[in-house]
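Colleague: As a plain string of letters, each chain reads:
Number of protein chains: 2
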Amino acid sequence: MITRIDGGVTAPKGFLAAGLRAGIKAGKTNKDMAMVYSEVPATVAGTFTKNRVYAAPVKWDRKIAEEQETAQAVVVNTGIANAATGEQGYQNSKKTAEETGRLLKLPAEQVLVASTGVIGFQLPMDVILDGVAKLVPNLTHSRQAGLDAAEAILTTDTHKKEIAVEFTVGGVKCTMGAMSKGSGMIHPNMGTMLCFITTDAAVDQGLLRQKLREVIDETYNMVSVDGDTSTNDTVLVLANGMSGAPKIETEGEDLDALTAALTEVCTYLAKQTAQDGEGATRLFTAHVTGAPDRETARTLAKSIITSSLTKAAIFGKDANMGRLLCAMGYSGAEYDTELVDVTMSSRAGSIQLVKGGTMPPFSEEEALRILEPEEITAEVELHQGDVEATAWGCDLTYDYVKINADYRS
Amino acid sequence: MITRIDGGVTAPKGFLAAGLRAGIKAGKTNKDMAMVYSEVPATVAGTFTKNRVYAAPVKWDRKIAEEQETAQAVVVNTGIANAATGEQGYQNSKKTAEETGRLLKLPAEQVLVASTGVIGFQLPMDVILDGVAKLVPNLTHSRQAGLDAAEAILTTDTHKKEIAVEFTVGGVKCTMGAMSKGSGMIHPNMGTMLCFITTDAAVDQGLLRQKLREVIDETYNMVSVDGDTSTNDTVLVLANGMSGAPKIETEGEDLDALTAALTEVCTYLAKQTAQDGEGATRLFTAHVTGAPDRETARTLAKSIITSSLTKAAIFGKDANMGRLLCAMGYSGAEYDTELVDVTMSSRAGSIQLVKGGTMPPFSEEEALRILEPEEITAEVELHQGDVEATAWGCDLTYDYVKINADYRS
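Protein chains in written order, with the numbering used here: chain A, 1 to 409; chain B, 1 to 409.
Chain A with its partners taken away, still in its complex shape (with noise of 0.2 Å):
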């Protein structure tokens, strides 16, 4: 069983977190650095970017992922992405892991890097560096700090993303905490810009990263704010077996628990990430059943939830159904299109808009009505199997635009 407790990256036994300004943003208070630290090494499990572009800290990660059982901390900046940076932005993830790690007593290679910002530019490297030395002092176990970081990983979010949940292994309360920021450049493979768990479970790693994959896959995964799959995304998580619970070593009852917390934890991280998608003023979920196969339920809920101009119909609550049966149609997905039934549903309501692909008539003004919350579903019957999806996207709005006409400025 799961129990939404309060809390982030700090709930968790053993996990310290620092958040502060650096001075990479402009601005004067903004925070820009965000440190945590488990006071054990970790079993490390990490998914990344599918972007051919990534950026530095990536790489760095990748590595670390990849070819390590632990890391012990992850360093964190906002305002500049370090990607498209070349070999001397490699050289500067690698130099910000050395000095967190020196202070720390860390070899370099525990310790995970993270930046979100601007694609292009250089890190300011004597901004950063100063940024971790005023980091590493300041890391506490304090609800305060998971706060701090939270909001230090923010870009364009509107408020801060954290999660913390309770639950057992081998009868020993374990607990997992979270930390994600969005909110644009999102797309399916990789949600999220930068999401970090916690969790003082102790767990083989090759389980974890297996699950991982798996939970990442129905969460992040089926998420799109605009189609663009950023550089730099990043999920990564830590366990660091401080609950003294007994360590998951095999498919079971425990593992099952684990995966649970885990689904919680990022597909609440991932629709907050939907939710807050630039500009957007609704939540925008489409569920799919009855489909013949997986494959054909997933392409069909990202190709409705990522469609410019369903977006900006619900946006402006219309019922133009058109526009959703136009999308799930050049999907690429085969199915046939004279099955198809649509209702839409918020918590005002539902309404059957789409019978057998063709669309009767119907009362706008329900539909209207059903349309303004800030929580639309699209529900899609395809009568052709008992596969289900869900994706989740948000509206398409001016502010979008507004946002990334002139992101830098």
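A few of these clues could be false.
[What the hints assert, rightly or not] 25 Å max Cα-Cα, derived BS3-like pairs, lysine-lysine:
| # | chain 1 | residue 1 | chain 2 | residue 2 |
| --- | --- | --- | --- | --- |
| 1 | B | K134 | B | K13 |
| 2 | B | K402 | B | K271 |
| 3 | B | K13 | A | K317 |
| 4 | B | K94 | A | K94 |
| 5 | A | K59 | B | K247 |
| 6 | B | K25 | B | K95 |
| 7 | A | K94 | A | K13 |
| 8 | A | K134 | A | K95 |
| 9 | A | K402 | B | K317 |
| 10 | B | K173 | B | K31 |
| 11 | B | K25 | B | K402 |
| 12 | B | K63 | B | K50 |
| 13 | B | K105 | B | K28 |
| 14 | A | K355 | B | K173 |
| 15 | A | K13 | A | K134 |
| 16 | A | K94 | A | K50 |
| 17 | A | K50 | B | K94 |
| 18 | B | K105 | A | K402 |
| 19 | A | K105 | A | K59 |
| 20 | B | K95 | B | K31 |
| 21 | B | K50 | A | K355 |
| 22 | A | K247 | A | K13 |
| 23 | A | K317 | B | K173 |
| 24 | B | K317 | A | K25 |
| 25 | B | K25 | B | K94 |
| 26 | B | K105 | B | K134 |
| 27 | B | K94 | B | K63 |
| 28 | B | K94 | A | K355 |
| 29 | A | K271 | A | K28 |
| 30 | B | K134 | B | K31 |
| 31 | A | K402 | A | K271 |
| 32 | A | K134 | A | K94 |
| 33 | B | K63 | B | K105 |
Worth flagging that the hints you see were computed from the coordinates, not collected in a lab.
With the hints as your guide, set chain B onto chain A.
Modeller: Relative to the frame of chain A, chain B by itself:
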């Protein structure tokens, strides 16, 4: 040699047209129906949307273009797309062709139909048939008739899209004319919603089909406004042979001349479609050179002009090359990211912003000056071969959202 002349679909010999208001669209003055008629049966070729959800008129026309040698008329309505309308929708397209054929004294199968507008509603058949009855007596070979037809096929377009050219076949002057409409729901796999090309050249149907396919692949299929592939995309060519030029029946100089005319016409209209994309303020061209193969060049060019983030940056005159590199990276194309050079150019000059996959320091002022004009080109050199490709798109603006948030009202 291809010579541009004034005119549209009525420029070639033997083609008549008409355009008028039948009363499908809201408002009181918008023209919403058009007709094109050839005095003699014309060799027909067509390319159509690849969307699995395709409109009823596409189903009707595809059969004619694939199974018949000739057609003699096209009737078009705007306002309602006749897509997702099931069997009734198909019967309505058929009835429109039948009534047009009856009045023109042609078999229904000599009449092509096209619709564009809102998806999911049935055509108001009384209005459509009334429109057909008014169009037939209005058909003339005049310049004004071409203009009226070009105006009547528009939806959210801001201006008419017409072109006419002259070329020579066997020493005889031939003419080709065309009209098309954009401007949302546009993406590779048929960049326009509707395009009608007329010519008084005579050509073997197999050769016409082949050349049309090749030209569309390099022109309309390289255009994107919003990534949404329409249900109604249709390009039709009618070649009636009334120039008196010898029929083109083999490869050679004459076929090359016809192909060059087709290329000129489709390139012009494809660019017009991109430039007049919904809400667009800029034509944004990606020209990829130095690619190892055609597919890589095309994939990269299309990914650049399709990226919402890159398009928003172009709107903001923001030299945010990171987004462009990012869009290349997630395109799926295989290339060496560390060899990429990018130069942005316009009539104001050019500036190299990416060298070897990284961004050297540059003058923001100079970049702003170059990104100011209405036509911007990204020149992307891969240094990995000698193949090139061009794709055309537009910027993403507030007005795109405004137009699409409540299209139906």
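Colleague: Let me make sure I understand: some of the numbered hints might not hold for this structure. Which ones are they, in numerical order?
Modeller: Hints 3, 4, 5, 7, 10, 13, 14, 17, 18, 23 and 29 not satisfied by this model.
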